[in-house]
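Kindly generate the complete structure, drawing on both the sequences and the hints.
Residue numbers for the sequence shown, in the working numbering: 1 to 218.
These aren't lab readings, by the way, just hints derived from the structure by calculation. On a predicted model such as this, the values are computed, not experimentally measured, just so you know. Ideal placement from N, C-alpha and C gives every residue a C-beta, glycine not left out. Treat the hints loosely; a few may be bogus.
Beta-carbon label-pair distances, calculated as ranges [stated by the list, open to error]:
hint: 1; residue 1: R209; residue 2: K137; range: 21 to 29 Å
hint: 2; residue 1: G34; residue 2: D157; range: 36 to 44 Å
hint: 3; residue 1: K207; residue 2: D50; range: 15 to 23 Å
hint: 4; residue 1: R55; residue 2: G34; range: 34 to 42 Å
hint: 5; residue 1: K121; residue 2: S193; range: 36 to 44 Å
hint: 6; residue 1: K192; residue 2: D122; range: 35 to 43 Å
hint: 7; residue 1: V56; residue 2: T176; range: 29 to 37 Å
hint: 8; residue 1: V149; residue 2: N213; range: 20 to 28 Å
hint: 9; residue 1: V115; residue 2: D50; range: 18 to 26 Å
With a cut-off of at most 25 Å between alpha-carbon atoms, the simulated PhoX-like pairs for lysine-lysine come out as follows [claimed, not checked]:
hint: 10; residue 1: K95; residue 2: K85
hint: 11; residue 1: K207; residue 2: K95
hint: 12; residue 1: K152; residue 2: K137
hint: 13; residue 1: K145; residue 2: K192
hint: 14; residue 1: K206; residue 2: K85
hint: 15; residue 1: K207; residue 2: K121
hint: 16; residue 1: K53; residue 2: K137
hint: 17; residue 1: K95; residue 2: K125
hint: 18; residue 1: K137; residue 2: K95
hint: 19; residue 1: K53; residue 2: K95
hint: 20; residue 1: K125; residue 2: K114
hint: 21; residue 1: K144; residue 2: K53
hint: 22; residue 1: K192; residue 2: K206
hint: 23; residue 1: K152; residue 2: K53
hint: 24; residue 1: K114; residue 2: K95
hint: 25; residue 1: K145; residue 2: K53
hint: 26; residue 1: K121; residue 2: K95
hint: 27; residue 1: K85; residue 2: K121
hint: 28; residue 1: K207; residue 2: K125
hint: 29; residue 1: K192; residue 2: K144
hint: 30; residue 1: K192; residue 2: K95
hint: 31; residue 1: K85; residue 2: K207
hint: 32; residue 1: K206; residue 2: K125
hint: 33; residue 1: K85; residue 2: K125
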Amino acid sequence: MNSTKGSFPNYIVIEGPIGIGKTTLTLELARNFGAETLLEDASVNPFLEDFYKDRVGAALPTQLYFLFQRIQQLQEVRQVDIFKKIFISDFFIQKDPLFAGVNLNDDEYSLYRKVFAHVIKDLPKPDLVVYLQASTKALFDRVKKRGRVIEKEIEFDYLAEINDAYTQYFYHYSETPLLIVNTNQVNFSENKSDFFSLAQRISTVKKGRHYYNPVPLD
Numbered sequence: 001m002n003s004t005k006g007s008f009p010n011y012i013v014i015e016g017p018i019g020i021g022k023t024t025l026t027l028e029l030a031r032n033f034g035a036e037t038l039l040e041d042a043s044v045n046p047f048l049e050d051f052y053k054d055r056v057g058a059a060l061p062t063q064l065y066f067l068f069q070r071i072q073q074l075q076e077v078r079q080v081d082i083f084k085k086i087f088i089s090d091f092f093i094q095k096d097p098l099f100a101g102v103n104l105n106d107d108e109y110s111l112y113r114k115v116f117a118h119v120i121k122d123l124p125k126p127d128l129v130v131y132l133q134a135s136t137k138a139l140f141d142r143v144k145k146r147g148r149v150i151e152k153e154i155e156f157d158y159l160a161e162i163n164d165a166y167t168q169y170f171y172h173y174s175e176t177p178l179l180i181v182n183t184n185q186v187n188f189s190e191n192k193s194d195f196f197s198l199a200q201r202i203s204t205v206k207k208g209r210h211y212y213n214p215v216p217l218d
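Listed below in structure tokens is the structure:
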């Protein structure tokens, strides 16, 4: 795969709903291609556990904490020569209002949008966004399988709402090259063939919208 490394975009975002495997794929790509990572760390968000128990009461501080955490991570990209390194991120900050729109009431969302508009200025845009898709049932099964204590309160209906919001967002998205990947039947962390096929596909996307629907081999 060394030839693939040379043709990788310099700044790649791996996106998708809760349970899709963003961080796992980000780390695997970075390990194989010598990339730097920009990773969201949900475990340090002090409001997240309360949010999963009471979305209404803890939504705004949870959302703002994640926003500023992501901003801090992206400072790295602005402070280095992006043409000399590959960066792979497991979050897409331009998509941040998606969760806010689902979780916040009207007044909270209005405040959030003002903050977002102020802090988002001059942040780098990715060379490629990889949007990982799966059915809500697949997401729910994966969340339960990985068994994170902080996620034990996540309900199927909430995942469905988030999944629908992602679908709508990326249906209209056109700001950067986009690769939409159906992950219902594949596991990129467990199947190396699936992983390297996806890596090869990523290296070919230079512009526009593309779809990748891998089928597992028997």
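Each hint tested on the structure:
{"no.": "1", "hint": "R209 <-> K137: 21 to 29 Å", "verdict": "26 Å, holds"}
{"no.": "2", "hint": "G34 <-> D157: 36 to 44 Å", "verdict": "41 Å, holds"}
{"no.": "3", "hint": "K207 <-> D50: 15 to 23 Å", "verdict": "43 Å, violated"}
{"no.": "4", "hint": "R55 <-> G34: 34 to 42 Å", "verdict": "40 Å, holds"}
{"no.": "5", "hint": "K121 <-> S193: 36 to 44 Å", "verdict": "42 Å, holds"}
{"no.": "6", "hint": "K192 <-> D122: 35 to 43 Å", "verdict": "39 Å, holds"}
{"no.": "7", "hint": "V56 <-> T176: 29 to 37 Å", "verdict": "34 Å, holds"}
{"no.": "8", "hint": "V149 <-> N213: 20 to 28 Å", "verdict": "34 Å, violated"}
{"no.": "9", "hint": "V115 <-> D50: 18 to 26 Å", "verdict": "20 Å, holds"}
{"no.": "10", "hint": "K95 <-> K85", "verdict": "24 Å, holds"}
{"no.": "11", "hint": "K207 <-> K95", "verdict": "19 Å, holds"}
{"no.": "12", "hint": "K152 <-> K137", "verdict": "15 Å, holds"}
{"no.": "13", "hint": "K145 <-> K192", "verdict": "21 Å, holds"}
{"no.": "14", "hint": "K206 <-> K85", "verdict": "18 Å, holds"}
{"no.": "15", "hint": "K207 <-> K121", "verdict": "23 Å, holds"}
{"no.": "16", "hint": "K53 <-> K137", "verdict": "21 Å, holds"}
{"no.": "17", "hint": "K95 <-> K125", "verdict": "11 Å, holds"}
{"no.": "18", "hint": "K137 <-> K95", "verdict": "23 Å, holds"}
{"no.": "19", "hint": "K53 <-> K95", "verdict": "24 Å, holds"}
{"no.": "20", "hint": "K125 <-> K114", "verdict": "20 Å, holds"}
{"no.": "21", "hint": "K144 <-> K53", "verdict": "16 Å, holds"}
{"no.": "22", "hint": "K192 <-> K206", "verdict": "24 Å, holds"}
{"no.": "23", "hint": "K152 <-> K53", "verdict": "9 Å, holds"}
{"no.": "24", "hint": "K114 <-> K95", "verdict": "15 Å, holds"}
{"no.": "25", "hint": "K145 <-> K53", "verdict": "20 Å, holds"}
{"no.": "26", "hint": "K121 <-> K95", "verdict": "14 Å, holds"}
{"no.": "27", "hint": "K85 <-> K121", "verdict": "23 Å, holds"}
{"no.": "28", "hint": "K207 <-> K125", "verdict": "14 Å, holds"}
{"no.": "29", "hint": "K192 <-> K144", "verdict": "24 Å, holds"}
{"no.": "30", "hint": "K192 <-> K95", "verdict": "29 Å, violated"}
{"no.": "31", "hint": "K85 <-> K207", "verdict": "20 Å, holds"}
{"no.": "32", "hint": "K206 <-> K125", "verdict": "14 Å, holds"}
{"no.": "33", "hint": "K85 <-> K125", "verdict": "15 Å, holds"}
Violated hints, in rising order: 3, 8, 30; the structure is consistent with all others.
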